[in-house]
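K.L.:
Now for the letters of each chain:
2 protein chains.
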Amino acid sequence: MKKDFLYNEIAGNIAEKIKAGVLKAGDRLPSVRMLSQEQGISINTAKRIFLELESQSLVHAKPQSGYFVSPLNYLKLPLPEVSQPIPVANNREPDELMNVVYSTMGRRDLTLFSIGVPSGNLLPLAKLKKEIVLATRELEEGGTEYEPIQGNMKLRRMVAARSLAWKGNLKESDIITTNGCMNALVLCLMALTKPGDTIALESPCYPGILQLAVSLGLKVLEIATHPVTGIDMDALKKLLPKINVCLLVPNFNTPLGYCMPDASKKEVVTLLAEYNIPLIEDDTYGDIHFGPERPKCCKSYDKGGNVLWCGSVSKTLAPGYRVGWVAPGKYKDKILKLKLIHSLSSTSVINEAVGNFLLTGKYEHHLRKLRRTLQENYQKTADAIAAYFPQGTKISRPQGGLALWMEFPKNIDTGELYNQALKKRISISPGRVFTLQDQYHNCMRVCIGLPWTDDLKQRLKEVGNMAKMM
Amino acid sequence: MKKDFLYNEIAGNIAEKIKAGVLKAGDRLPSVRMLSQEQGISINTAKRIFLELESQSLVHAKPQSGYFVSPLNYLKLPLPEVSQPIPVANNREPDELMNVVYSTMGRRDLTLFSIGVPSGNLLPLAKLKKEIVLATRELEEGGTEYEPIQGNMKLRRMVAARSLAWKGNLKESDIITTNGCMNALVLCLMALTKPGDTIALESPCYPGILQLAVSLGLKVLEIATHPVTGIDMDALKKLLPKINVCLLVPNFNTPLGYCMPDASKKEVVTLLAEYNIPLIEDDTYGDIHFGPERPKCCKSYDKGGNVLWCGSVSKTLAPGYRVGWVAPGKYKDKILKLKLIHSLSSTSVINEAVGNFLLTGKYEHHLRKLRRTLQENYQKTADAIAAYFPQGTKISRPQGGLALWMEFPKNIDTGELYNQALKKRISISPGRVFTLQDQYHNCMRVCIGLPWTDDLKQRLKEVGNMAKMM
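Protein sequences, first through last, are from chains A and B.
Here the numbering used here is used: position 93 in the first sequence is 327, and no number is missing along the way.
Here the numbering used here is used: position 397 in the second sequence is 631, and no number is missing along the way.
With the rest of the complex left out, here is chain A (with noise of 0.2 Å):
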């Protein structure tokens, strides 16, 4: 436990040093044996934590001569503006925003910086086929079974256990299974709104919980949110005598991918408790965190029940299984009544395999190497974001998930670029999707769970150069 601490302290400090610039690209850092004397820790805790550096993108081993810090030109981006959302709900969805966000979604002759999933080449495709095989066998009836509603037990019991990395200290008899986390979205606020009532949102926010808010007649109020922490305290209290309910994404969020600290999740769960207003969380990203630590949910602080945390293997595993869940706290019996009306079951063959997926370690196996290299696609990204987009370009600090927010210079239009781009068959997502308001027009989310090639590079080249030509 104290070692982990120490590791943990010292790679966080040197990590520090370079991103602040303190360390410089090609600086030599300490060899192993004399950081291991330096800080009285044993070798093996030392090249622990050059590893670690490493995996960061942070350093580079030369042979025989040691650790280098590496050229990180993306830190000299500066960070998008705090967004500034009016206080108004008005509800502008543009009437072609479907069809930009989703009419690339399953074709295979573009380039898609638009999809917000980690690409079929990161996921473990032939393990989940075998349980998938196993689940047939094992299941009763071969699955051909409506489950029991509450969902599979294996896949809650193990959501549960997890929720203990997050303190979050859920029990199976808290969970309810659904098909996909939109799914548990979906159930929570038609269980807890009614047309008319009033939403608020992070803004920028993921369209498809915007399309969500605008079905169900719901009025959407945008809270202006920090790059890096998130929503800004002071602009939701001043929505709060006016929202009915509130959803978050507090670990990252897409598309700024930052993660809320503790201190913001506590404040805001302790907030809404006050004034009785429900907080549904996504937490669909929390699993997947370039630094070591599981980030802590809203959920974690929650007392009184009036959290609904939803999540799901979607971003981490496979999309197309629509696996999620949802712990509602205490509106369990209104949100277990609504899947009963609205889905009956979830799919038993596929809840099986991922419980089984779960219960075997193979989840938390894949999800360290996921971690890994998303983090790297981060930086790879963001390094070719630096070296080809146009002066002046803004780009967010993703501390996990799956995409990171580049803001233009104000005579960039991301929704010409969008139409540019895919005349050379990439796909962007254009800032404006991601608000009911008129902003965001010079900004666009780029995902990064795309494998890393040098093709990729080179259309995100492509597109930088349209950029600069605008």
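Please note: incorrect hints may appear among the correct ones.
Copies of one chain are not kept apart here, so a pair can be met inside one copy or by any two copies together.
[Said to hold, decoys possible] In silico DSS-like pairs for lysine-lysine, Cα to Cα no more than 27 Å straight-line:
(1) K405 with K657
(2) K657 with K571
(3) K258 with K691
(4) K628 with K614
(5) K401 with K281
(6) K571 with K428
(7) K361 with K388
(8) K472 with K537
(9) K388 with K405
(10) K364 with K388
(11) K566 with K428
(12) K644 with K658
(13) K310 with K253
What the hints contain is simulated information worked out from the structure, not anything from laboratory work.
Computed from a predicted structure; not experimentally measured.
The hints should help you fit chain B onto chain A, whose structure is shown.
P.N.:
Chain B in isolation, oriented as in the chain A frame:
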């Protein structure tokens, strides 16, 4: 073609004579040779006619003696009354309704006369497992990816191809897949209604549909139905000025099992189109016809795209797969958008597996067997009811599907019968859950999806005895 016509006509004639009591239990039928000569048909056709009648439990063979008319005691039981719901929306959902209907779901310690799906013993489990294994192998990325938004291509193509049998003439582009039929109904109702709108439903009605309507804030008007021909057209006409949408289960409606005559289907489609009221048609039982012909649907008569035709494999193949679909006519864009927002995609692997199962002819082969088994189950169940239930019991004559409806003398309360039966580990569906009004207390639904055994007969006898004691 001509041969098939003759065969159906002759078998039908004999069946009618038996059911009408012209031919009585124990009567000897002409020999195969005699029938062949009388009717001018081949020996083989004559043999086929007797086999058909035998499969319907109308006749039985005695070795060396020929065919004899079987006793059909249940045909002596009268039909239930035409239902008489009041033409006012009052939505008195009993609080315990959910519990009564669903609390016994998945309990293996009970004899479930309440369950509305075929038992696993009646399903092609081994073949389905093989399809799933194949689908994980053949799909790109092992089926971990999202499907196209409209759904699996093979499945849509096959659902379209099968629509030729009922003059639906659908194309794959007309069809959107869903997570089971209930999910299709959810999408249709959410796309077409807002809270406070009024829906017309058959009375008695499947409890899941009643609950769905209530949960969406709809007012429910129940339409009077005849136990053999379905909705009373005059009753519907009176409701027309008050309703925004109509949802019918015209083929083998649960609980009554009727099949609306073609003329009624045509009339209801024309009427609703005139009033511009969308018709949601739940055809999930349409493939389990006891007669030789697949019945037509309301959709068969839909010229302007006003009928949203919904189906699934939940009642024929695998309830736990959650595979369904809708052909939404002119409402396609609305439904597609809602599907995208609510669930993004169906479960890729399972939909591919079912698509292949249909494509390779295995589905049709399985259906032929399933229909025969269910029809036999119906006749054996009905015969047991005739033998063991109180004097004055009336039963419906399902022409397909998975259930029949019983009406007891007024003094028998099936809510109480439910409680008594549950103590003996038997689950039944009391009539009150099939309505939002104060009626059907002396009715119950009996499902015929369980394999018929002496033990099952004994259990049914127990329920009959309990009813007799009341």
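K.L.:
State for each hint whether it applies.
P.N.:
We went through each hint and held it up to the structure:
1. K405 with K657: neither (51 Å within a copy, 31 Å between copies)
2. K657 with K571: between (47 Å within a copy, 25 Å between copies)
3. K258 with K691: within (24 Å within a copy, 84 Å between copies)
4. K628 with K614: within (16 Å within a copy, 75 Å between copies)
5. K401 with K281: neither (30 Å within a copy, 72 Å between copies)
6. K571 with K428: This pair counts as both: shortest intra-copy Cα distance 16 Å, inter-copy 20 Å.
7. K361 with K388: The answer is both: 18 Å in one copy and 26 Å across copies each meet 27 Å.
8. K472 with K537: within (24 Å within a copy, 54 Å between copies)
9. K388 with K405: So K388 and K405 pass the 27 Å test inside one copy only (12 Å; across, 40 Å).
10. K364 with K388: both (17 Å within a copy, 24 Å between copies)
11. K566 with K428: Classified as both: same-chain Cα gap 18 Å, cross-chain 25 Å, threshold 27 Å.
12. K644 with K658: within (24 Å within a copy, 74 Å between copies)
13. K310 with K253: within (9 Å within a copy, 88 Å between copies)
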